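J.: Take a look at the letters that make up each chain.
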Amino acid sequence: MKKSKYKNIGAYAFLIFFGIFMVFPIVWLFLSTFKTNAELFGSIKFWPESFRFDAYVNGWIGNGKITYTNYFKNTFELVIPVVLFTVMSSAIIAYGFARFNFPLKKIMFSILIGTLMLPNAVIIIPRYTLFNKLEWLNSYLPFWIPALFGCFPFFIYQLIQFFRGLPRELDESAYIDGCGTFKVFVRILIPLMKPALFSAGLFQFLWTWNDFLNPLIFINSVKKYPLSLALRMSLDIGANVAWNQVLAMSLLSVLPLIILFFLAQKFFVEGIATTGLKG
Amino acid sequence: MKIDTNAVVKDKKYKKRDYMGLVYVAPWVIGLLIFQAYPFISSLIYSFTKYNIASMEFIGFDNYIRLFKIDKEFYKSVFVTFGYVFMTVPGKLIMAMIVALILNQKLKGINIVRTIYYIPSLMGGSIAVSILWKLMFMSDGVINKMLAQVGIVGPNWIGDPKTALPTICLLEIWQFGSSMVLLLAALKAVPKELYEAASVDGANKWRMYWKITFPAISPILFFNLIMQTIQAFQNFTSAFVITNGGPNKSTYVLGMKLYTEAFSNFKMGYASAVSWVMFVLIMIMTIVLFKTSNRWVHYDD
Chain X
96 MKKSKYKNIG
106 AYAFLIFFGI
116 FMVFPIVWLF
126 LSTFKTNAEL
136 FGSIKFWPES
146 FRFDAYVNGW
156 IGNGKITYTN
166 YFKNTFELVI
176 PVVLFTVMSS
186 AIIAYGFARF
196 NFPLKKIMFS
206 ILIGTLMLPN
216 AVIIIPRYTL
226 FNKLEWLNSY
236 LPFWIPALFG
246 CFPFFIYQLI
256 QFFRGLPREL
266 DESAYIDGCG
276 TFKVFVRILI
286 PLMKPALFSA
296 GLFQFLWTWN
306 DFLNPLIFIN
316 SVKKYPLSLA
326 LRMSLDIGAN
336 VAWNQVLAMS
346 LLSVLPLIIL
356 FFLAQKFFVE
366 GIATTGLKG
Chain S
217 MKIDTNAVVK
227 DKKYKKRDYM
237 GLVYVAPWVI
247 GLLIFQAYPF
257 ISSLIYSFTK
267 YNIASMEFIG
277 FDNYIRLFKI
287 DKEFYKSVFV
297 TFGYVFMTVP
307 GKLIMAMIVA
317 LILNQKLKGI
327 NIVRTIYYIP
337 SLMGGSIAVS
347 ILWKLMFMSD
357 GVINKMLAQV
367 GIVGPNWIGD
377 PKTALPTICL
387 LEIWQFGSSM
397 VLLLAALKAV
407 PKELYEAASV
417 DGANKWRMYW
427 KITFPAISPI
437 LFFNLIMQTI
447 QAFQNFTSAF
457 VITNGGPNKS
467 TYVLGMKLYT
477 EAFSNFKMGY
487 ASAVSWVMFV
497 LIMIMTIVLF
507 KTSNRWVHYD
517 D
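Chains X and S supply the protein sequences, listed in that same order. With my numbering, the residue at position 191 of the first sequence is 286, and numbering never jumps. With my numbering, the residue at position 77 of the second sequence is 293, and numbering never jumps.
Since the hints were made in silico from the structure, they are not lab data. It is possible that part of the hints are untrue.
Capping the alpha-carbon separation at 30 angstroms, the derived lysine-lysine pairs in DSSO-like fashion look like this [to be verified]:
hint	chain 1	residue 1	chain 2	residue 2
1	X	K289	S	K361
2	S	K292	S	K322
3	X	K140	S	K507
4	S	K361	S	K378
5	S	K232	S	K266
6	S	K292	X	K278
7	X	K201	S	K507
Using C-beta positions, here's what the derived DEER-type ranges look like [as the list claims (entries may be wrong)]:
hint	chain 1	residue 1	chain 2	residue 2	range
8	S	Y280	X	G159	56 to 62 angstroms
9	X	S145	S	N268	26 to 32 angstroms
10	X	T164	S	K292	20 to 26 angstroms
11	X	I156	S	N460	37 to 43 angstroms
12	S	D234	X	F116	52 to 58 angstroms
Since the model is a prediction, treat every value here as computed from it, not as a measurement. Even glycine gets a Cβ: it sits at the ideal position worked out from N, Cα and C.
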């Protein structure tokens, strides 16, 4: 008894000590947004001299022409449809794979699993030329349309796994009651899948929000920039980067993710745990 | 007779319904052909051409010959990429494993700890954190100032070719939280009876880990290993934002090389060749991992 208690103290000490390293960058980021630029580089103090919001106000205005109101709006305009389309298309496609025994299904499923491992780097150049031909560049179509056509095999696979956990008897009894396949899907299965759909939506939100390479390639006018590109641009202006403003905007840009995480922590953790995928 | 017709009708009805499956997967088939298969094959074709949006000219294996024979930058890039993969993937998984094992000991307050450790994975991939990293690890940044307080002269983290890559790897390893949550869930699913039986037999913790725990979670570990390796090979954001490939190309990963050739130099054909070499390297790594997997990955069924 005494021994196990002693051992736990060791475990706690380790977790707390290590936890300090884990949160240090985030705490430092938070406190630094209240510092002046001079303070940021001149002082070694961890705590800001006073809690001023200048960095937020000036950072938000940016260069004066396009503000962060615009960048936030762009980001939501890009991300929200991607999330909705991904969840919708993935659910329908997963339903097809999980519940029907159609011709060529085995081959198609193998291809689906194969695309899980297809590196984005290999297809990004032809995608760029394709979107260029379609005149989709500098719009959010390169993000929305692939989401609409189930180009995220990871979520399809995740939802197929979830479907397999729902008893087929549900479908069968609804068929006997005269329901069609689509009605079974919408009326019976969708309500049962809410947690899985929500969790898929959360991860897609997170990944699309944080995505940098795709916007960098497909979006070229500042007016259409999402947050990721706006932040990157703020480093480009030359030697006199207002670091405190950049940090303030950086913090604001990840704030929606943190809020979402605390509101829906259960879905994040269970979403990871139940599917056993993605690290 | 009556039963027979019923059976036929039933059979036919099922078949008809099964064809509905094709309707449901149709969007995926379209998406696969247009946004995945077509680009995949195109990039292979591009890799044998000199292509810059405006014009395309077939040049056979010239791009590949140039990559392997002339372009010294390319070898460096491959070397740096392997360095990144071999530091981040094991680093992340080992950290995740250690902390998950500690958290699995029925400690109180585990939820808070789990949350704190998870937050870096939440935002770590974002540009915001790359910027933060760049600022913290500057030669006169907060890390070196803190080291100076305890009398250590810190290195020029991102300015020195020796430390630049490890600094970027550290950002990735810092995000081990999501792997940890995953492993923790896997650990919780291991049947308790196995441990009880083993402790009756007098097995020690170390032995229990290797005989019970590790085999039980090995499929999840393996899947993570594969997916993270594929991801790590393609890393771009942190190298681009924190060091821009430098100093002295010490963080010029293949993802950077690909981006620079394609979208700065507009050598789309050459960049496609880079992407296919990257793809082949990923395939080789994946096959090697699969080959070794039957030695250490245990599936129940």
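J.: Next, verify each hint and record whether it holds.
T.: Evaluated hints:
1. Restraint check: the Cα-Cα separation between X:K289 and S:K361 comes to about 49 angstroms, which exceeds 30 angstroms; the hinted pair is violated.
2. The straight-line distance between the Cα atoms of S:K292 and S:K322 is roughly 47 angstroms, outside the 30 angstroms bound, and the hint therefore fails.
3. Distance hint between X:K140 and S:K507 is unfulfilled; the C-alpha atoms sit about 53 angstroms from each other, more than 30 angstroms.
4. Restraint check for S:K361 and S:K378: the C-alpha separation of about 20 angstroms stays at or below 30 angstroms, so the hint holds.
5. At most 30 angstroms may separate the alpha-carbon atoms for a hinted pair to count; S:K232 and S:K266 exceed this at roughly 50 angstroms.
6. Taken as a hint, the S:K292 and X:K278 pair is broken in the structure, with Cα atoms around 57 angstroms apart against an allowance of 30 angstroms.
7. Simply put, X:K201 and S:K507 have alpha-carbon atoms about 23 angstroms apart, close enough for the 30 angstroms limit, and the pair holds.
8. At roughly 49 angstroms, the beta carbons of S:Y280 and X:G159 sit outside the given window of 56 to 62 angstroms.
9. Judged by the Cβ atoms, the range 26 to 32 angstroms given for X:S145 and S:N268 is violated: they are separated by roughly 54 angstroms.
10. For the pair X:T164 and S:K292, the beta carbons lie near 43 angstroms from each other, so the given range of 20 to 26 angstroms is not met.
11. Checking the proposed 37 to 43 angstroms range against X:I156 and S:N460 shows it is violated: the Cβ atoms sit about 27 angstroms from each other.
12. For the pair S:D234 and X:F116, the beta carbons lie near 55 angstroms from each other, so the given range of 52 to 58 angstroms is met.
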